[in-house]
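Build out the structure end to end from the sequences listed, making use of the hints.
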Amino acid sequence: MRAYEFERRQYVIAGIALAIVLIYIIRLAFLQLASNDYEEIAKNNAIYNKIIFPSRGSIYDRNGKLLVYNEPAYDVMVITREMSDLDTLDFCKTLHITPKEFEERMAWITDRSKNPGYSSYSQQLFRPQISSADFLVFQEKMFRFKGFYVRERNARQYKYPYAAHVLGYVAEVSGNDIANNDYYKPGDYIGKQGVERSYEEVLRGQKGIEVLLRDARGKIQGKFNEGKDDQKPIPGKDIMLSIDIELQALGEKLMQGKRGSIVAIEPSTGEVLCMVSSPTYSTFDMVGKQRGENIMRLLQNTNHPMFNRAISGTYPPGSTFKPSQALTFMQEGIITSDYTSYPCTQGFRFRNMKVGCHSHPSPLSVKPALSTSCNGFFCWGLYYMFNNRTKYASTQEAMTRWKDYMVSMGFGYRLGIDLPGESRGMIPNADYYDKHLKRWNALSVISISIGQGEVTLTPLQIANQGATIANRGYYITPHIVKGIQGGAIADSLKRPHYTMANARYYEEVVSGMRGAVTSSIGTCHGAQNPWYEVCGKTGTAQNRGHDHSVFMGFAPRNNPQIAVAVYVENGGFGATFGVPIGSLIMEQYIRGELSPGSLAKAASIASRSVN
Amino acid sequence: MLYKESNNKGIFKSLDWFTIGLYVVLLFWGWFSVCGACYDYNKPDLFSFDLNSGKQFIWILTSLLLAGALLLIEKRFYYKTSTFVYIMMVLILLITIFIAPDTKGSRSWIPIGPVKLQPAEFAKFAVALAVGKYMDRYGVSLYTFKDFYKVVLIFIVPMLLIIAQKETGTALVYLAFFLVLYREGMTGSVLFAGFMFVVDVVVGVKFSDETTANGHVIVGEAWVLLLSLLSTIFLVWRYCKDNIRVKNLLLYGFGTIVLAYLFSTFVIPFNFCIIQLLVNLGVIIYLGIQYAYTKSYKYLLIILFAIASTGIFYACNYVFTHNLLPKHQQTRIEVLLGKNNDLQNAGYNVNQAKIAIGSGGFIGKGFLKGTQTKLKYVPEQETDFIFCTVGEEEGFVGSAGVLLFFLFLIWRLIILAERQPDTWGRVYGYSVVCIFLFHLFVNIGMVLGLTPVIGIPLPFFSYGGSSLWGFTILLFIFLRMDAERNFKSK
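Protein sequences, first through last, are from chains P and L.
Quick note: my numbering has the first sequence finishing at residue 652, numbered continuously throughout.
Quick note: my numbering has the second sequence finishing at residue 1175, numbered continuously throughout.
What the hints contain is simulated information worked out from the structure, not anything from laboratory work.
All C-beta atoms in this analysis are idealised placements derived from N, C-alpha and C, irrespective of residue type, glycine included.
It is possible that some hints are incorrect.
Estimated spans, in silico, between C-beta atoms of each pair [to be verified]:
no., chain 1, residue 1, chain 2, residue 2, range
1, P, A257, L, I841, 35 to 43 Å
2, P, R194, L, K728, 28 to 36 Å
3, P, E81, L, F863, 38 to 46 Å
4, P, E46, L, I784, 43 to 51 Å
5, P, K273, L, I1048, 29 to 37 Å
6, L, P796, P, D175, 47 to 55 Å
7, L, L1053, P, E213, 34 to 42 Å
8, P, G188, L, P796, 29 to 37 Å
If you only want the chain L side, here are some residues facing chain P, beta carbon under 7 Å, derived [unchecked claim]:
no., residue
9, Y726
10, T979
11, I1040
12, S1044
13, L1053
14, K1061
15, Y1062
16, S1084
17, L1088
18, I1095
19, I1099
20, F1126
21, L1133
In the DSSO-like style, the derived pairs of lysine-lysine whose C-alpha atoms are separated by at most 27 Å in a straight line are [what the hints assert, rightly or not]:
no., chain 1, residue 1, chain 2, residue 2
22, P, K260, L, K740
23, P, K260, P, K273
24, P, K260, L, K1061
25, L, K1061, P, K91
26, P, K91, L, K789
27, P, K84, L, K1061
28, P, K264, L, K1054
29, L, K1054, P, K269
30, L, K1054, P, K273
31, L, K835, P, K91
32, L, K789, P, K260
33, L, K728, P, K260
34, L, K1061, P, K269
35, L, K765, L, K835
36, P, K523, P, K106
37, P, K264, L, K728
38, P, K269, L, K728
39, L, K1054, P, K260
40, P, K84, L, K740
This is the structure in structure tokens:
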């Protein structure tokens, strides 16, 4: 057979086959073994991590009244591929939009340059947060609107319009939030102010992930790995505020038309019972589509309604500062309670210097000095302290000693309340005056003894001073959250902080403050009532404009339940607004209600404005 | 009767069970791949007839029955009927063009009851039998032009009919018969010329837009002209055994081009392709003179080759710039040569196929665990791109395994073909070998991004009854022939 001469060609053909298979195996090795890139790409193709958002914790007041909760919000979604025979007019009417808006939105959705995640197979957001009323109508007609769906989400809702500053609000994360914390992704929500911010991690819980398989058309085809890689969301925890919402409501009503703040604290625990900052805004403004606009409007208001004066505002404390001075002088032995008297003839006079005062008997000792709020007494006290060279080597040393007392009483530094944005106020020290005044002595800084000059406090610090006096010498860091579901508040919010003054000197101060209420010439006479013993101290803080009206007090004298600070900007004498507002707050909290007379007084105060 | 019985008993003994074993392994391996490719998350029953895996299972069972039946049909039956079968097949292919409904642009599927059959898949065995029978005639020589063109005509006619059905891919398979003819004595220069044409087209098209640093010369043009010159000189050396002339050609032809290149690069830049073109023309004229002297037809054929390969760059350029090819074919070639990187559209299939295979890693994602294929990222995943599923779910181990099993099969079939007692059997055997090889080469090459996307199935793996039956028939006719190798007479 002739073909035998070509027999060797079988090896050529076998060789070709071998070469092809070898080349293909090498190619396979390059694709499959050289890198993991293709594995990543395949995963990105097929795996869709669906985020499951946990429900955010609710917020309650100290009596268990619900303040903030979640309510479903409805977004209208569309799958463009499934749309057919849409009665556009009826559709637009149901959603209260114009056909033009409809066209524009559809054009936006299908334009990949504006909506990069567009797929005609998956749900696209057509209209966010329609009202519940619209939703009900829409749901009934939905079978006629093929391709349209409703997505339910949780949105924050408020029961009361009050305590906006304390509660804060929830809004979409900013670029900064995303940059600072990997947890947040664009479109997520985050607490922006108040406890929503400071307890964000407690309230929000932990997102879950559902690992899904997505086909080439963007349609979900099931769970990846039978759901073994899914992570269940951890729901947010509820929190209970120390705020009494009734008290808060009264406070906000009393502060209507005024700028300023009320802070009330339960002395034994440091729990903040109410925290009013006026002007304020309604929590209802922080809900729904209008939130952004409302915030812009509030930020443009020159009275700064979004500024939480109670913890961020710093003011001269005026005469409410005097108890701290009395305690310092007594503890340092500059004065003794019954034997040391200083003269006051319409004020403190020394060479060319004069600090004015009002009419009261002179000379007088510490208790009546507190009761009558004598400027002269405290100026002399500071003068003798700073010039006592047997105790202090220099004025600077005396100043440093004085500053240490103030700091121990919670002034000059942040108290550490569990709210964002607390200010530290200002307690000057020796270095400060060395730098700013160069040569100075007790007389140059004499006004700090009566809460003027460089000294500033936040209303919270003033209230905390009230609580410290009520406790006879210690305070517990004021805090706004009383309890966390299945957890506890931070230990730092439970520890007592003792001041440098002894309890027995506090007892003297308490008597003085009680005298201010009971004595006919006392500044707080208006706070006298038949039910419980009130101790108080007024302040009339000078500033460039009209004086600020200030009050600090607590009640009852023994086993105090509430300490309160009231600050009304440009409100005049402490007795004008401070005392009545403070006593109404105490009455409401201690008695649980206002007497008829008090109700009338409350209505009258609520109706008065301060410009 | 007695003769027949002993015959069948002997058949059982002398059957090549190794090949049958490979066949069964590949058949079920293929079925698992189809399961992976068509798996539906909502219909997990792989045997459901809603799914192609269920249907393919039936096709596999019927193929096994078919295989058994074919083993009972004697070799001489084919010998007697092969001409008739061939003519019938050609007629069916012809009729199909007119009666088949349009399926995605192709007119090759005939619906019969619930199934659709593709005659082109069944025609291969008939053509192989016919080619073998013709070659088996005494005195047929592939060196004579009249025999050669008749043999070629036997497989070119059905090929053209299938092209007319718009199934270019299936038609191209018939080119595999050239490899069969090579085994039977056809000059290797045909394969060499074909190979060089492919190289020229690849180089020419790939570098058709690239110029040298000085901007005067198109890189593709220069390379194609050089390859043409060198391959022409190679043919003169190999087939005319004329070393003096080869030396002359190399010295003057190649030497001139080297000088022109150096001059263009270091002295004055100019388009030295003009010099190359002149050299190639000079060589053609020189070979023409040789033909005039020697009257050897070899020179004539070499001249034809030289003219064609010199002109191929310009022809390709013309075809591509004037869009003479169907759009999708041109795009497929551009994608393959890396000239079109639009992964969203033109390059999508091949790119997703690469991702599917690449993501399999060493041992793969596991049975039914592939995501690229199941979630429809890879198109045609059950049919032409079935190898993606193998790559993704069985990894390097599985896909290299499939290649090696096919290599064993081809190697085994070469051995069987070589032991045939007659030309007919051998030619038929090699037809089987070459058809399998061609399918393997083109199908897996396309999935791996090494050959253009040509829609032909991977034997035993791609979903589809027609191709499975077609390959079964092709193989088992041969196995029966082989089993009869020790019997005398036909």
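Worksheet item: Okay, which hints does this one fail, numbers in order?
Response: 10, 13, 26, 31 and 40
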